[in-house]
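Asks: Now for the letters of each chain:
Number of protein chains: 4
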Amino acid sequence: MLNYNSNSITSLEGDHIHQLQKNILKKIILPRPLESHKGNFGHILTIGGNENYGGAIIMSSSAAVHGGAGLVSCATDSKNLTALHSIVPEAMFINYNNDVDLINAVKKADVIVIGPGLGENTAALKILKKVVLNTVEKQFIIVDGSAITLISDQQNLKTILANRKTIYTPHQMEWQRLSGIKIAEQSVSKNILKQHELAGTVVLKKYHTTIYHTNTPPSQLKIGGPYMSTGGMGDTLTGIIAAFLGQFHYKNYEQIVDAAVYTHSAISQKLSSSRYVVLPMDIIGELQNFMYKYASQAR
Amino acid sequence: MLNYNSNSITSLEGDHIHQLQKNILKKIILPRPLESHKGNFGHILTIGGNENYGGAIIMSSSAAVHGGAGLVSCATDSKNLTALHSIVPEAMFINYNNDVDLINAVKKADVIVIGPGLGENTAALKILKKVVLNTVEKQFIIVDGSAITLISDQQNLKTILANRKTIYTPHQMEWQRLSGIKIAEQSVSKNILKQHELAGTVVLKKYHTTIYHTNTPPSQLKIGGPYMSTGGMGDTLTGIIAAFLGQFHYKNYEQIVDAAVYTHSAISQKLSSSRYVVLPMDIIGELQNFMYKYASQAR
Amino acid sequence: MLNYNSNSITSLEGDHIHQLQKNILKKIILPRPLESHKGNFGHILTIGGNENYGGAIIMSSSAAVHGGAGLVSCATDSKNLTALHSIVPEAMFINYNNDVDLINAVKKADVIVIGPGLGENTAALKILKKVVLNTVEKQFIIVDGSAITLISDQQNLKTILANRKTIYTPHQMEWQRLSGIKIAEQSVSKNILKQHELAGTVVLKKYHTTIYHTNTPPSQLKIGGPYMSTGGMGDTLTGIIAAFLGQFHYKNYEQIVDAAVYTHSAISQKLSSSRYVVLPMDIIGELQNFMYKYASQAR
Amino acid sequence: MLNYNSNSITSLEGDHIHQLQKNILKKIILPRPLESHKGNFGHILTIGGNENYGGAIIMSSSAAVHGGAGLVSCATDSKNLTALHSIVPEAMFINYNNDVDLINAVKKADVIVIGPGLGENTAALKILKKVVLNTVEKQFIIVDGSAITLISDQQNLKTILANRKTIYTPHQMEWQRLSGIKIAEQSVSKNILKQHELAGTVVLKKYHTTIYHTNTPPSQLKIGGPYMSTGGMGDTLTGIIAAFLGQFHYKNYEQIVDAAVYTHSAISQKLSSSRYVVLPMDIIGELQNFMYKYASQAR
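From first to last, the protein sequence lines are chains A, B, C and D. Here the first sequence stands for residues 1 to 299, numbered as in UniProt numbering. Here the second sequence stands for residues 1 to 299, numbered as in UniProt numbering. Here the third sequence stands for residues 1 to 299, numbered as in UniProt numbering. Here the fourth sequence stands for residues 1 to 299, numbered as in UniProt numbering.
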């Protein structure tokens, strides 16, 4: 899968990492074709939110809606139905404990987000298995949060996901669990090797988030800041990635992921000019305006 | 019912379609009479929203409230009670599984919306039948979404609706189901013939939405755009049509429908000057201001 | 109770009605004393909101909170708990089917609102009786909506309320039920006679709302307009009256009622300069700013 | 614990009280370190909200989120789950009747708020005991509202809390219960003696709120005003104190409490320039902007 010289990996620290710039937005966030309908912009399925962490999957779903997804369905605990509709009535509800409904939803989805607020117990693992086993090659799957932890010792699931368009979005501790590389030892070269094993995209969230691609050198984010250090930020990111993958059709989809990650931090940075801490719901509220700006520059 | 020469139908493609213009708003959105009360502005009943699609009927209800309806009642699954009140406390709740309450509500309504989020199972069909069978001639009935699909093979319901002031709001696939005309073959002339059979107004939602009237040539919308391609747009439209039919009393009610459809797209177009995608809830938030502007021009 | 010559009642039509002016606001909405706590601004208890009409009591409660009440408790159906907290977390919840809690709440309240969304069945009547029977002379009781209808044939309740500081807020049909005077025959002189029987304040809501006082001639509202003709307006008014009675301590409390009614319409009129219809939630959102303006003029 | 001469206590009335000034903000609200993650900004656990007072703990939680806490978990009655997520999806939910979950949450927390809307019955006392008994020395514990009343006659709990970083936030009646000093007799000198017994910080909320510290003279607030006399203000304060203690690491943590109390009133004062009454939710909405302003002055 490598189309750049893997022998050069050891020298990759620093100089072979691509710095993400604003131009990634102009390349990806294009004006919509005039004759189009919601089917052109992707059906997103977000899966997560147990009794304790309902807000996580609601924020993911809301980010997907505001980020331009054609349709968004949220598979979650029935306890979260009302809060979901109260925050984002545009999203549809699926009871994730109803196997038939869940599997049907997986089959209909173009992009799946699994993990925000899913939890790590056996019930969560069962849902995760059901979902992964029912995906097909063409689907995008964003694996986040507790789903990363759960999948760490599930080799069969990792093997299936290696044959999907999978995007992992771990923070450093989750990456330690998934990759086996301790945080202190997470160097670019080691990360690349592990990411090759997984054969998926890895968005490693940290100070200067780095995105490891399947076919091109990693890219890194120099924007964003500590105003983003608050609960729910990662959940929101999954929704933006999902919306972007659902609606934009750039041939190299990993650049779409790059654009989504960049958008998440760029909005935060913008909002930090008047807020001490930037909250996930603030970012969601700004998505439509932010995307408009770049799409109109592209015109 | 035709008061224009139906022999000319085959030549209708293009040149006999009326282009909707802004002036339709000035004709319909008039200042309210000084001495009036909420009874003058219609009692709207919205029916839909099963366990999965509660947001749909909530958005329809909220659009009706913000669009100026005198009173709005929402008949839906009891699971949607709280989200309904959280989003639009101005609307009243009816449990659509309570036959007595549902039928009483149908009898009291001036305008009925049925379909947003109703679903297509047998429970939904039973509700649909109960509603249609309890309507009377003078009532407006807006048939949307799953209700269109359900009604497609229910000839007796179609016959009843032919004797009501019925407005169908299908997208192209739903129109295929209702009319039997495949999407690729949905020409203006064929659509007109089918619409005559149904003897109702048909708002065919697509790029350049076209409205087929019972007595006048179709009208078409040249405004709006792909920023409207997102889930829930159609639900919101039903609420606006309902509010307009409830409160405006222009003699040819199909022009009121035209104005509502135009309003929905005109607001979207306006909001698209700062948003990449325009969400249903955005449109609802703009309705009161938009309508004010046209009513004050009419003064 | 009359301190103006009741012989002159027949000549009261028109010329003896006091026109409410803006100065009523400057007289009532005074700056708060520096050393004060929430106990000085009244504990409001709103009672209503059955399974169908939960939004009504939520809007009343929210208006009371935004209108400056010290504390607001809402006694309603348990189905409305979550929507209440979602819209106005500042308000406290009481299950109105819990007799002990309801009666305790009645005893603690300075001002009671009963009626918005209460419904008219026997359960509603039982609640109404329980409440009225547990009030004491010094309490303000605002009787609205279905509570007016229910009380119409309950002479014992009317007798109790004649010995409270009662404010009835009927629209014309409810006044017909309460007074026995048909809408077409509701003249000022007849209304005054009936209001004397009730020995309470009557806010008769209509085009040019008129307020019948126990000791002074009626006052009338010349502001407001048809943009207010939408469901929930009256519910919101009850909350404003309650907040004003709870926090302002003008010796003639009926002028406080006048100021609350004036405020409700004045805010609506102001908002109508950019909205075709003014919604109850819009008024609530404007209360704090509006009251500030008049209080700062008073300083 | 006194590092100033306790013999001088009787002469403390007035002249030994430190007046809090704006500079406390510049000292505490510092720009965040660039390389940081949410773990650096504290995990807050808010505990309270029974069936009647859910809004209280929701406002506390929301204030903590908007005030910059890294993570916020809310342990409350299961009836409050949906309203919590609807208002602040960034917060996580814990069922406070689930002992295992509650105790785990206590163990993970850096800062605990207990009391807003907790109620005063035996169930509330059991929760309070469970929480206090599971805390450790390094944790901050903010004891508010009903928890203060409950703890008044629980000497063993007071003894444990004397060995924690405890902040009591009573209003005058709650302080009477906790200290045994009648409101009329609550002089600075008496309060100081009692506060020494408790060996915790005491934020005595009143006109000119005074903060009694464990090691330094009391400080007093000269800002704020009667526009803050409305239900829920104290709940909101607890969330701000918690967020500040969680994220700021000034060596004398009692000055962090001072800054939080000052912030609460300073925001209220600012908002009072356009609002007759300032609501808790208004303060929450302004926190991010307000904190930004002071942090950028510090840079």
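Quick caveat, the hints were computed from the structure, so don't treat them as lab data. Errors might be hidden in some of the hints.
Unchecked claim - With a straight-line Cα cutoff of 27 Å, these simulated DSS-like cross-link-like pairs (lysine-lysine) come out:
id, chain 1, residue 1, chain 2, residue 2
1, C, LYS293, D, LYS108
2, A, LYS165, A, LYS107
3, D, LYS108, A, LYS182
4, C, LYS270, D, LYS206
5, D, LYS206, D, LYS222
6, B, LYS270, A, LYS293
7, B, LYS22, B, LYS182
Fair warning: this is a prediction, and the values are worked out from it, not measured in the lab.
Asks: For each hint given before, does the structure comply? Return the numbers of the non-compliant ones in rising order.
Replies: The structure conflicts with hints 1, 4 and 7, although it agrees with all the remaining ones.
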